[in-house]
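Protein chains in written order, with the numbering used here: chain Z, 10 to 382; chain V, 10 to 382.
Rather than coming from a laboratory, the hints here were simulated on the basis of the structure.
Model, not experiment: these values are computed from the prediction.
Careful, some of the hints might be misleading.
With beta-carbon atoms standing in for the labels, derived distance ranges [claimed, not checked]:
id	chain 1	residue 1	chain 2	residue 2	range
1	Z	251	V	245	45 to 53 Å
2	V	70	Z	28	52 to 60 Å
3	Z	142	V	293	15 to 23 Å
4	Z	334	V	71	56 to 64 Å
5	Z	239	V	355	46 to 54 Å
6	V	276	Z	142	26 to 34 Å
7	Z	85	V	241	46 to 54 Å
Yeah, the Cβ is synthetic: ideal placement off N, Cα and C, and Gly gets one too.
2 protein chains.
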Amino acid sequence: MEMIVQTQTARFETVALESGAVLSSVEVAYETYGELNGARSNAILILHAFSGDAHAAGVGAESGKPGWWDSMVGPGKAFDTESYFVICSNVLGGCQGTTGPQSMNPQTGAPYAMTFPVITIADMVRVQKMLIDALGIGQLLAVAGGSMGGMQALQWAASYPEMTRAVIPIATTARHSAQQIAFNEVARQSIMADPDWNGGDYYSGKPPARGLAIARMVGHITYMSDESMREKFGRRLREKKKFGFDFSVDFEVESYLRYRGSQFVGRFDANSYLYITKAEDYFDLLSTPSFAPETASVRFLVISFTSDWLYPSYQSQEIVRVLRRRNLEVAYCDLQSNYGHDAFLVDVAEQTDVMRGFLTSTYKEKPAVAARV
Amino acid sequence: MEMIVQTQTARFETVALESGAVLSSVEVAYETYGELNGARSNAILILHAFSGDAHAAGVGAESGKPGWWDSMVGPGKAFDTESYFVICSNVLGGCQGTTGPQSMNPQTGAPYAMTFPVITIADMVRVQKMLIDALGIGQLLAVAGGSMGGMQALQWAASYPEMTRAVIPIATTARHSAQQIAFNEVARQSIMADPDWNGGDYYSGKPPARGLAIARMVGHITYMSDESMREKFGRRLREKKKFGFDFSVDFEVESYLRYRGSQFVGRFDANSYLYITKAEDYFDLLSTPSFAPETASVRFLVISFTSDWLYPSYQSQEIVRVLRRRNLEVAYCDLQSNYGHDAFLVDVAEQTDVMRGFLTSTYKEKPAVAARV
C-alpha cells in the first residue's frame, strides 16, 4: 500500500544566525511518517543531503513521486515507520519550501537573492531544533543523514547533544578537505560566471541555467565511483556505431551528464547552490570545542562506503577516532560498495541491517538522560 | 650554464587525417636539445601533455622561461642532453605554434575555429613522424611523455613500431575511462556554455575566458591528489583570520584555483581545449589491432604514480598486461608519490633513476632492427 504524503510548513518569527544576522518570518517545509508514541520517545529526524528536500519517503501528494530515501524509510524498512515517527525537513537556505535566497524578503517585498545572509550547518540545525520543539518532542531517538545530512547529524551532537539519543552520520566528514572545498568552489564559480546569474538577481528573468548545469555535472562525477561509471557507461557510444568526428554527443556518459545537468536546472535554485555549498565549506567540527562533549550520553553509528572518494572512509574514521578519544559509544561500519558517494542512497541492504540493529537497541535502552519535555 | 633555446618551425604541404579530412599548410613548432650523433641513433622524442608546448627544456630565447620538463631534460638529467638529441614539438590542434583551430585557414584567410577538422592522437603522431623524417632521423632511440604525452608515446607503438627502439608512457592510459571522458566533457561544456565562445568564432572579439577558466579549475583539482591539496592548502584562510560570511575568497585553495583558471586564459586557446580533449577521449589502443604487434622489437618502460587518481595505476598495469601477453619487453614502475597526476612533472628523483638506467641500456644495445635511413 502506498503511503501518500503531504508536505507541511512550520513558521518561525525570527531565527538568529551564527553570523550575527537575524532572519524573520522563516518557513520550514517538512514531512512526517509513522506515528509519534505516547511517551514521545520514538521520533527520528532524517537530514537530507545537498540537493535533497523534505520529501524523504512515501509518495508525494502533489508530485506523485517517491521520496529520495524511500528505500530506507517506511514500514519494515531501515527506519521502520511501524515503530518510529520519522521527520524530514528542507534545510534553511534551500529552495524546496524552506526559506532561502529565492524567498521573499518581508522587509523589501522582493526575493532575498544575494542579500540572503550566509548560513552555516549550525544554522540549519538550529532551525531543525525549533521545528522539533514546535512538534512537542523533547528528545529525539536519533538524527540520521548522509553527506551534508551527516554533517547536520554531527552538528546536533555539538549544538544539542542532550536532545538526541543517537547520531547516525553516513558518508560524511567532520570538515571539508581542500579538495572538497575546491569542487564546491568550481561549482560556485561556474554559476557566478554565467551572465544570466546577474549578481544573483535573476528571479524575474531566466536563471543561470548553463552555469548551474555545469556545476551539477561536476557534482555527478564526484557522486559516482570510477568503477560505477565504468559499469554504467564504459566507453559505449550514444545512438551511433562510430565516432562522429564532431562535437555532438559521442559517448553515453556525455549524454547522461548533459541530461542530469539540464534536468537539475528545473528543480534547484542556483543561489541556494551557492549558499548551501558555502555552509558545507565553513563546517568544521574538529575545531568546534562543543562537539560531542565527554559528558554526552549520545551514541553514534558512523557509516562510510569503500568506493566513496568524495567523502572517503578516512574522514569517517577521523570522526570515530575523535569520539573514541572522548570515550563516547561509537559503532563504525565501512560498507563494501562500488557505487561511490551515491551508495548511501542506493546501496540499501547492508545499511538497513546495521541501522535496524542500532535503532532497536537504542530504542530498547532506557534513556540515560531523562527527556526534558 | 643556462641553455637558451629558440623554438623552430617546420612546414608540411598536406597532412591526411584519420577522419578522412586533409589539412594543408601545416606548421609544427619544435625545439631540440643536445646534438644528433653521426649514426643518428641518439634521438629522443618528448611528447607533451594536454596543455604543454614545444618548450620542454632550457630557457626560452624570447620568453626567458624554463621549459615544462626542464627538471628532466638537460645535461646530466634523466634525458641527458650530453648523450642524447632531444626533440619536442607542439601537438597538432594545439595553440603554441603548431597548426590548430586558431590558425589561419589558407582556403578562407580566416581562423579555422570550429571548421578545424576533429583530430586524433594518431593524427598528432603522424605529424610528429613527418617532423622526424624531415629531421633526417630514421629511427628514434625513444619516445617518452606523460599524461596525453604518454598516449602519443603508445600511439607510436601502434602507428610506427619500427621507428622507435623504446616507448616510455608515463601516468597515462591506453584509453579513457567513462570518468575521464566525463571530466573532459564537463570542461568542453563549460567552454561552450560561455556566450563569449560564440560557436567558436571569438578570435576577433574576446575569448570565452570564464568558461575556459572553469574548465581549467576542474582540471587542476584532478591533477592534484587529495593529500597534496591538503598539504598545500588544508583549510587555511586567505588574508583573513575568520570566515567572511560572504562569497569573496575565504580559503587559500579557492584563491589558487581562481588564479590558475584566469592565468590559463592568457596562454591557451579555448577551441584547442575542445579539440585536444576530444582526441584524448577518442583514443583507444585496446581496440586498435595494430598496437604493439608481437613482431615489434620495441621495448617499454611504463611508469605510474601511486596517488594519481586521474590516470590511476591500474590503467598503466592494463598496458603492461597487454604488452606482456604479446611477449614484448616491458619494465613497469609504480612510483610512490603524494603529488597525484602532477607527479610526472614534479616528482623527478625516482623518475630520473629509472629513466637513466632504461635509456642507457637501450642505447648500448645494438638495434634489433637496423634503422631504415
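Outcome of the hint check:
{"no.": "1", "hint": "251/Z <-> 245/V: 45 to 53 Å", "verdict": "49 Å, holds"}
{"no.": "2", "hint": "70/V <-> 28/Z: 52 to 60 Å", "verdict": "54 Å, holds"}
{"no.": "3", "hint": "142/Z <-> 293/V: 15 to 23 Å", "verdict": "60 Å, violated"}
{"no.": "4", "hint": "334/Z <-> 71/V: 56 to 64 Å", "verdict": "59 Å, holds"}
{"no.": "5", "hint": "239/Z <-> 355/V: 46 to 54 Å", "verdict": "29 Å, violated"}
{"no.": "6", "hint": "276/V <-> 142/Z: 26 to 34 Å", "verdict": "57 Å, violated"}
{"no.": "7", "hint": "85/Z <-> 241/V: 46 to 54 Å", "verdict": "49 Å, holds"}
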